[in-house]
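Chains as they are written, first to last, in this note's numbering: chain U, 131 to 855; chain L, 131 to 855.
Keep in mind that a hint or two might mislead.
Since copy identity is lost for identical chains, a pair holds within one copy or between any two.
With a Cα cut of at most 20 Å, we get these calculated EDC-like pairs of lysine to aspartate or glutamate [claimed, not checked]:
{"id": "1", "residue 1": "K443", "residue 2": "E413"}
{"id": "2", "residue 1": "K485", "residue 2": "E303"}
{"id": "3", "residue 1": "K485", "residue 2": "D462"}
If you are wondering where the hints come from, they were derived from the structure by calculation, not from laboratory data.
Below are the chains, spelled out letter by letter.
There are 2 protein chains.
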Amino acid sequence: MLPRGRGRLKALGAGLLLLLLLLSGLYLLSGDLAYGRLLLPSPCSRGAPAGLGAQVRAVEEENRQLREELRRWGALGRLPSERSGERDVTWGRTACSQQPTVGKCELLHVAIVCAGHNSSRDVVTLVKSILFHRKNPLHFHLVTDGVARNILETLFHTWMVPSVFISFYDADELKPEVAWIPNKHYSGIYGLLKLTLPRALPPTLARVIVLDTDITFASDIADLWAVFARFSDKQVIGLVENQSDWYLGNLWKNHRPWPALGRGFNTGVILLHLERLRQVRWEQMWRLTAEQELLTMLATSLADQDIFNAVIKQYPWLVYPLLCSWNVQLSDHTRAEQCYSEVSDLKVIHWNSPKKLGVKNKHVEFFRNLYLTFLEYDGNLLRRELFGCISGPQTEPSQTRQALVELEEDDACYEFRQQKLTVHRVHLTFLPYEPPAPHPHDVTLVAQLSMDRLQMLEALCRHWPGPMSLALYLSDAEAQQFLHFAQASEVLSARRDVAYHIVYREGPLYPVNLLRNVALGQAHTPYVFLSDIDFLPAYSLYDYLRTSIKELSLATRKAALVVPAFETLRYRLSFPTSKTELLSLLDAGSLYTFRYHVWPRGHEPTDYARWREAQAPYRVEWAADYEPYVVVPRDCPRYDPRFVGFGWNKVAHIMELDAQEYEFLVLPEAFAIHLPHAPSLDISRFRSSPTYRLCLRTLKDEFHQDLSRRYGSAALKYLTAQRQL
Amino acid sequence: MLPRGRGRLKALGAGLLLLLLLLSGLYLLSGDLAYGRLLLPSPCSRGAPAGLGAQVRAVEEENRQLREELRRWGALGRLPSERSGERDVTWGRTACSQQPTVGKCELLHVAIVCAGHNSSRDVVTLVKSILFHRKNPLHFHLVTDGVARNILETLFHTWMVPSVFISFYDADELKPEVAWIPNKHYSGIYGLLKLTLPRALPPTLARVIVLDTDITFASDIADLWAVFARFSDKQVIGLVENQSDWYLGNLWKNHRPWPALGRGFNTGVILLHLERLRQVRWEQMWRLTAEQELLTMLATSLADQDIFNAVIKQYPWLVYPLLCSWNVQLSDHTRAEQCYSEVSDLKVIHWNSPKKLGVKNKHVEFFRNLYLTFLEYDGNLLRRELFGCISGPQTEPSQTRQALVELEEDDACYEFRQQKLTVHRVHLTFLPYEPPAPHPHDVTLVAQLSMDRLQMLEALCRHWPGPMSLALYLSDAEAQQFLHFAQASEVLSARRDVAYHIVYREGPLYPVNLLRNVALGQAHTPYVFLSDIDFLPAYSLYDYLRTSIKELSLATRKAALVVPAFETLRYRLSFPTSKTELLSLLDAGSLYTFRYHVWPRGHEPTDYARWREAQAPYRVEWAADYEPYVVVPRDCPRYDPRFVGFGWNKVAHIMELDAQEYEFLVLPEAFAIHLPHAPSLDISRFRSSPTYRLCLRTLKDEFHQDLSRRYGSAALKYLTAQRQL
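If we strip away everything but chain U, and leave its shape as in the complex, we get:
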C-alpha cells in the first residue's frame, strides 16, 4: 500500500509543480497579474494598503488642477472635449470614481529605447531613480543596439536587484520601420523607435510606461501606473503637455512646427495602453499621419514627438493628459516653473534640453542635486528585497546566497571569503569605445586600477598606442569623477581604443583578480599583455610585441612572452627610449630590476643577467613565486578570484600557466618600468596584520589543493617548491 500511496502523492506533487510552473510562466507573460499575490486586476480595486489611499482625492484634485492649468495656459479653448462633441471623451476625469490603485506586488512595465555608450550611462541613472522610490516589482523592456545591450545585460545580470525583470529587444531589427522618416532631432533614429513599441513589445503586454533616457524620477512610478486606471475607453496614450512654446509656432519668424493640439504634448514620459493601441490599429494610424504630414514638412524636428502630436491633433480623443509634474521639462525657455513652483511634490524631471544638466535655469541647482543624488547613489543599496513579493531571476544564485549565509562571521578570514562570494556590479565600456579592427597578431594591454591611480592613465596612453582593456574599481560617485577626469583629458578623449570597465566597489578588500578577469574578458585582440597599472611600457613595446607574436608563431605555440620589469624610485624619470639607455640607467642606479630591494624572488627566473646580453628570445623555467608580466593568448586561464587584496594574486596565475604547459619566453628588447607610489592600504594591512598573513596562507593551501585536483600529480611540483621556501 505504502508504495502505491507514495506514487500517488508523487504524481499529485508533480501535477502541482507543473501547475505552479505554468502559473509562473503566466506571470512572466501577463502584465496584469501581481507577482507573488494574485490581486484584482485593477483598475478600481478596493482595499488598498495604507499609503496608497492617497489616490481618490489626489485624482480629483489632480483633475481640477489640470483643467485650471490648461485653462491658464490658454489651451483649454481648444480642448477636444469641448470642440469635437464626442460624448465619451473624458478629459482627465477618471472613468470610475472609486479608488484606482496599484496592488502590493503588482508588476509594472517600463520601456526604454537606448543606444550607445553614453545613453547606457543615462539609463542606469534613470533606473536608479525609479528603483529608489519603487515598492513594486518592475519589468524593464529595453530596446537597444548591440553596444547598449552588451553593457546593460552585464549590468543587470551583476546588479541582481530583487523583483526586477529585464527583456531586450533588438533596435536594429526595428529600425526599418522608421528609417524612411527624415528626422533632424539629436536623438536620431532611436527617438523614432518609440512609435514601434506596440508592435515590438510582446502581444500579451497590455500596458507600458515609456521613458526617455534623460528622465529622473522623484517619486514612486506606481503612482504614474495608477493613472492607467483613469483612462476612458477611448484613451490610449497618457502624455504631459509640452512646456515650451515650440508647437505654438511663434518661436521665430517662419518657424513652422508640426501640427499639434495647442501647446502639444511631450513624449519623454508616455503611458501606452498597448492593448487598445493594437485595437485601434496604431501602426496604420501613425504611418498614414506621418506620410501625410511629410508631404509638406520634409522632416521631423523632434522625432517621434512630432508624429505623436500630429496623430493626436487628428484623433484628439486618444490622449489622456497627465498632470504637469509627471514630466517637468527643463528645456531652454521652458515654462515648467509654473508647474513646479506650485506643487510640493515634483514627480518626474525631464532634462530635455540638448545642454542637459548645463541648461540655464534659475533653479537648475535644485534639479541638478536631485539628479546627482541618483548619479552618485550606491547602486548596491538598491538590492533591497520587496517583502512579500517574488524576487525573480535577477537575484543572486541561491547557491551564493546560501554560501554567504553559512559563512561564520567569527571566522578570522570572513572578509576574504565574503569578498570572493560577492557579485560585483559591472558596467562594461563606461566610455565610448570602438573595438580595434581584427588583426591576427594584435595585442591588448590589460590592467586594473582604483581612484588613486587615475593619474597613470595619461602616461599609459602615451606609452601604449594600441588597444587597452582596463577594469576600474570605483564607487558610483567615483565613476562620475572618473568620467569628468576622462572628458577633461585631451589625451584620454582622443582615444577610442581604450575600454574602461567599471567594477563597483563592495566589501573591504580590493578584488584584484576579479578585476583582471573582467578586463581580460573584454579584450578583443587575439593576444593580451597582462600588465599592472603602475608600469609604463617601453614606447616601442606595442609594435615590438606584435612583431614578436608573428615571428615566434604564437598561434601554433603555447607560450607566454615575458616582458622584463624594472622600477624607478624617482618621481620623475627621463624614460629610456631603448634597451641601451635602460641599461645605462640601471648601471647608474637610477633604475633597478623590479622589487630588487624587497622581493627579488618574484622576477629572478627572468634572469636579468642573461637579458642584458640577449639578442633573441630565450626560454626560462618556472620557479616558486615567479610573477612576470606576460603576453598570452586571450583565451588563457583566468585569474583565481579567491585572492583579494595584496598577495599571491599573480603568482597563482603564472603557476596555472605553467601547469597548462605554457613555455615562458623572455623577449630581449621588451621592458616596462614601474613608477613609485605610496603603499596601498591593502599592503599596509598585510604588513601589520598577522591575521591577514594567516588568511593568505590558508587561501594558498586551498589553491594548491584545487591545483592538485585539476592537474593531478603534475601539480605536485608546486607544493614541493612551496615547501622548500
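Given chain U's structure and the hints, the job is docking chain L onto it.
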C-alpha cells in the same frame, strides 16, 4: 514737493521693514506660523495643496489598522477608552473628521538630545534622512553637551541648508533635573533628559517631535506632524507601542519591568504636545510617578521610557497611539516583522538594539541598506531650496551667493574662483577626542589629507606621540571608510589626542589651505607644527620641540622654528633615530634634502650645509619661494584659501609670516622625512595644463596686491623678489 514725498516714502519703507522684521521675529518664536505663508493654524484647515490630499483616507485607514493591530497584539482588551469610561478619550480617532494637513511652508519642530562624538555622527545621519524626504521648513532643537554643540554648531553653520533653523540647549544645565534618578540604560543620563523637554524648550513652542539619535526616516516627517491634528483634547503624547515583550515581564525569571500599559510604548519617536503638557503639569506628573516607582524599582532600566510608561499606566488618556510603522524597532527579539511585512510604506526605522546595525534580524540587510543610503549620502545635495518658502538664516551669506552668480563660467580660472567661494561642510572631531591638558610649551602637529593618504596615519602616530589636529578632505561615503579604518586600527584607536576634522568634498580642486586653516583653528596647544601628511617627524621631534620652545622663550619672541625637511625615494626606509644617522644616510644617497631634484629653491634658505654642523638654533632670512615646515604660535596668520590644488599654498603663508616679522630659526636637531608617493591628480593637472599655470600666476598677482594693501611698502620686497626669478 519731491523731497517731502521721498521722505514720506522712506518713512513708509522703514515702517514696512520694521513690520517685516517683527513678523520674522514672530516666525522664530511661534511653532504654528507657516514660514513664508501665513496659513490657517491647522488642525482641520482645508484647501491642502495636491499631494497632501492623501490624508483623509489615510487617517481613517490608519485608525482602522491601528485598532486591528492593537486587538491582534492583545492590547485592546485593556484600552482605556473601553475601560475607563472617559467620554472624551478617542483612541486614535481624529477629533474632527475633516482633513488634517500640514501647510506648504508650515514650520515643523524636532527635538533631539545629543552628547559626545559618536552621537553627533548619528545625529547627522538622522538629520540627513529627515532632510532627504522633507518638503517643509524645519526647526531642530538640539539639547547637547559641549562636545556635540561644538560639532553640530559648526556643521549646520557650514551645511547651510535652506529653510532649516537650529537652536541649542545646554544639556549640562538640565542635568540636575534628572540626575537624581538611578538609571541602568546605556544612554546614560542623556536619555532621561527627554523628560525635561516641556520645560527646556521655549514656552511659546506648542508642539515638537522628539527623536532618538538611532532613528532613520524613510518618509516625510510632515506626515508624522500631521498626526498632532488627530489628538483629542486630552491626548498630549503620541507614541508607538513597544515591539518587544519587555514590559510584559516574561522575558526571564524574576524579570520585573516598570509598569506599563500592555506591551508599553517606545520613546524613540515621540509627539509631544508641549502646550497641553504644560497645562497638565507634566513636570509634577512624571516626578511624582518616578519617585513613587523608585521606592520599589531601585533604578530605571530603559531610562526615560520606563518613566513615560509608568506615567501612561497611571494616566492612560494622555497617550495617542501611533501606527507601528512610525517606529519600527529593530531590537533583539523584536516583533517588528509583524509591522513591516504588511505595510508597503515603512516610515521610521529605530536601531534600538545596543548592537545597532549589528543586530541579528533576517531582514537586517534591507534595513542596513536604507540606513547606509543616508550615511553615505552627499549632504551637500540636501542644500536644496524649498520653492516658495523663506530660506532662513542657515543659507550661505547672500554676498557669497551673489559672487558665485557673478562668476563667469567661461572664465578660464572659474574653477579656482568657485572653489575659493565654496563653503565646505565641516564635521569637527569626527572621532572621540580629548584635548590635551594645558601646557605652556605644548605643540600640536597640524596637517591635512585625503583618502589616498590614510595609510600614513599609523606611521605618523608612531612618530609623533603628541597631540595632532588633522583635516581630512572626504566625501560622506569616504568618511565612513575612514571611520572603519580608524576603528580597525589598534594604533589609531589607542589615541585620544588626535583630532580628525572632516571637510566634505565639493568642487574639482583640493582646497589645501582651507583644510590647513580648519586643522590649525582646532589646535588646543599654544604652539603648532605646520607639517604635511607625507612627512614623518624624527621620533624625538615632539619632545625636542617642546624643549626648544621653552629654551628659546618663544612666548616672548616672535619666531617660527624651522624643521629641516628631507626625503627618501625608497618604499622602505630604516628611519634614522638621530641626526648622525640621518647624515650618514644622506651621504650614502639614501636620503636627499627635500625636493633636491625638482625644486631645491623651496628649502634652500634653510641652509642644509650650515645645519650639518650647527649645534645651536640659527637665524635664516626669507627668500623668494621659501616654504619650510615651521613651528609657530597657534594664533599665527591663517593660510590664504585662494590657493587651491597644487602650487604656492605654503609659499604665500611663509611670506605672510615674514611680512609680520617672524624670525626664522632653524633647529639643529630637528628633522622630518618625506616618504615617496605617486604624484597627486592636482600635480598632474598642473604639469599638463597651461591654463592651470596661468591661473596660478593670476592668483599670485592678486595675492601680491593684497599683501601690498595690508603691509604697504614693506611688502614691496616680495614683488621685487618674485620679479627677479
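_Status of D462 relative to K485 across identical chains (alpha carbons, at most 20 Å)_ = within (9 Å within a copy, 52 Å between copies)
*asked:* I want to check one pair: K485 and E303. Are their C-alpha atoms no more than 20 Å apart within a copy, between two copies, both, or neither?
replied: For K485 and E303, the Cα distance exceeds 20 Å both inside one copy (30 Å) and across copies (56 Å).
*Same-copy or cross-copy closeness of K443 to E413 [CA-CA at most 20 Å]*: within (16 Å within a copy, 70 Å between copies)
Checked against the numbered hints above, the structure breaks only hint 2 and satisfies the rest.
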